[in-house]
Amino acid sequence: MEETVTSRILEEKIYVAVGSTVWKNTSNLIWALENYKGNKICIVHIHQPSPMIPVLGTKFEASTADEELVRAYRGKETAKTDKILQEYLSICLRKGVQAEKLCIEMDSIEKGIVETIYHHRIRKFVMGAAADKHYSMEAKMDEVRALSSLLSEFHRFVLPHTSTDSLQEVGNLNEQNEKESNLSSLDTFSHIGTSEVSLSVVQEEPNDSTSNVSAEWE
1 MEETVTSRIL EEKIYVAVGS TVWKNTSNLI WALENYKGNK ICIVHIHQPS
51 PMIPVLGTKF EASTADEELV RAYRGKETAK TDKILQEYLS ICLRKGVQAE
101 KLCIEMDSIE KGIVETIYHH RIRKFVMGAA ADKHYSMEAK MDEVRALSSL
151 LSEFHRFVLP HTSTDSLQEV GNLNEQNEKE SNLSSLDTFS HIGTSEVSLS
201 VVQEEPNDST SNVSAEWE
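So that you can map any letter, position 174 of the sequence shown is 174 in the UniProt record's numbering, and since no number is skipped, the others follow by simple counting.
In short, the hints are calculated from the structure, not lab data.
Accuracy of the hints is not assured; some may be wrong.
[As the list claims (entries may be wrong)] The list that follows gives simulated cross-link-like pairs (lysine-lysine, DSS-like), each with its CA atoms no further than 27 Å apart: (1) Lys37 - Lys83; (2) Lys124 - Lys37; (3) Lys83 - Lys101; (4) Lys59 - Lys76; (5) Lys24 - Lys76; (6) Lys40 - Lys111; (7) Lys95 - Lys37; (8) Lys111 - Lys24; (9) Lys59 - Lys95; (10) Lys124 - Lys101; (11) Lys124 - Lys24; (12) Lys40 - Lys24; (13) Lys40 - Lys59; (14) Lys83 - Lys111; (15) Lys13 - Lys40; (16) Lys95 - Lys13; (17) Lys13 - Lys80; (18) Lys124 - Lys13; (19) Lys80 - Lys95; (20) Lys83 - Lys40; (21) Lys95 - Lys83; (22) Lys37 - Lys76; (23) Lys111 - Lys124; (24) Lys59 - Lys101; (25) Lys111 - Lys80; (26) Lys40 - Lys124; (27) Lys13 - Lys111.
Keep in mind it's a predicted model, so treat the numbers as computed, not measured.
Put together the whole structure using the sequences plus the hints.
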């Protein structure tokens, strides 16, 4: 039984959110690679298309600019994003991990993350750059505010699709899971069926003596 549980845990794919600035997100990715050794890793990036298109030294709204110019600029954005994701994949390779990538195009990062978790039925999701020991308190507070916005978006997007019976069932499962988990839950939300999402702070201190934020489907 123990071997079966261990095998199931290692088979679970860990999704790691990354931004467009590689050096700001490297510590977060490495944290996930070191703390989820043996698991499959998928790098998740929410690409926000620029609302403005540069034309002859000035900028126009994408909705009013020439379609050909918009298409050409979007192509450059896509190429740049692909290059960034390849850098993250290279980091994984240097750690001996063959990772996957998932790029979602969305105007809102918060909405993009929530819909990605929802539609791909993600069980484990790691986000945040708090794994960096040089992370300032101001930056941490910015991340807390971003997380708060993410949670609000989750409530808005998911709860309207969730029945009262599902909420009760998830609540019962949560009580049982809390006894077995080594994570301290910050907040819990219901999801369609019998799944749940827990935004948690890892209690143990990883190699860099810091913590990180993860969301888990149980």
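Here's how the hints hold up against the structure:
The suggested pairing of lysine 37 with lysine 83 holds, with an alpha-carbon distance near 25 Å, which does not exceed 27 Å. In summary, the hint linking lysine 124 to lysine 37 is supported, as the alpha carbons are separated by about 14 Å, within the 27 Å threshold. Using a Cα cut-off of 27 Å, the hinted pair lysine 83 and lysine 101 holds, with the two alpha carbons roughly 12 Å apart. Using a Cα cut-off of 27 Å, the hinted pair lysine 59 and lysine 76 holds, with the two alpha carbons roughly 16 Å apart.
Between lysine 24 and lysine 76, the direct Cα distance comes to roughly 22 Å. Compliance with the 27 Å bound is thereby established for this hinted pair. Of the supplied pair hints, the one linking lysine 40 and lysine 111 holds, its CA atoms being roughly 24 Å apart against a limit of 27 Å. Distance restraint check for lysine 95 and lysine 37: the Cα-Cα separation of roughly 10 Å lies within the 27 Å cut-off, and the hinted pair is therefore satisfied. Only pairs whose Cα atoms come within 27 Å are accepted, and lysine 111 paired with lysine 24 is accepted, the gap being roughly 21 Å.
Simply put, lysine 59 and lysine 95 have alpha-carbon atoms about 41 Å apart, too far for the 27 Å limit, and the pair is violated. In summary, the hint linking lysine 124 to lysine 101 is supported, as the alpha carbons are separated by about 15 Å, within the 27 Å threshold. Taken as a hint, the lysine 124 and lysine 24 pair is honoured in the structure, with Cα atoms around 21 Å apart against an allowance of 27 Å. For the suggested pair lysine 40 and lysine 24, the alpha carbons sit about 22 Å apart, so the restraint of at most 27 Å is met.
This hinted pair does not check out: lysine 40 and lysine 59 have alpha carbons roughly 42 Å apart, beyond 27 Å. For the proposed pair lysine 83 and lysine 111, the alpha carbon gap of about 24 Å is at most 27 Å, so the pair holds. Between the alpha carbons of lysine 13 and lysine 40 the distance comes to roughly 5 Å, so the proposed pair stays at or under 27 Å and holds. For a cut-off of 27 Å, the pair hint linking lysine 95 to lysine 13 stands: about 17 Å separates their Cα positions.
Annotation: proposed proximity of lysine 13 to lysine 80 holds, straight-line Cα distance about 26 Å (limit 27 Å). Under the criterion of a C-alpha separation no larger than 27 Å, the hint pairing lysine 124 with lysine 13 is consistent with the structure, at around 7 Å. At roughly 24 Å between alpha-carbon atoms, lysine 80 and lysine 95 fall within 27 Å of each other, so this suggested pair holds. Proximity of lysine 83 to lysine 40 is assessed by CA-CA distance (about 21 Å); at most 27 Å being required, the pair is judged to hold.
For the suggested pair lysine 95 and lysine 83, the alpha carbons sit about 19 Å apart, so the restraint of at most 27 Å is met. This hinted pair does not check out: lysine 37 and lysine 76 have alpha carbons roughly 35 Å apart, beyond 27 Å. With a C-alpha separation of about 17 Å, the suggested pairing of lysine 111 with lysine 124 holds against the 27 Å cut-off. Using a Cα cut-off of 27 Å, the hinted pair lysine 59 and lysine 101 is violated, with the two alpha carbons roughly 31 Å apart.
For the given pair, lysine 111 sits about 22 Å from lysine 80 by alpha-carbon distance, which is consistent with the 27 Å threshold. A distance of roughly 11 Å separates the Cα atoms of lysine 40 and lysine 124; the hinted pair therefore holds under the 27 Å criterion. Distance check on the hinted pair: lysine 13 and lysine 111 sit about 21 Å apart at the alpha-carbon level, within 27 Å; holds.
Checked against the numbered hints above, the structure breaks hints 9, 13, 22 and 24 and satisfies the rest.
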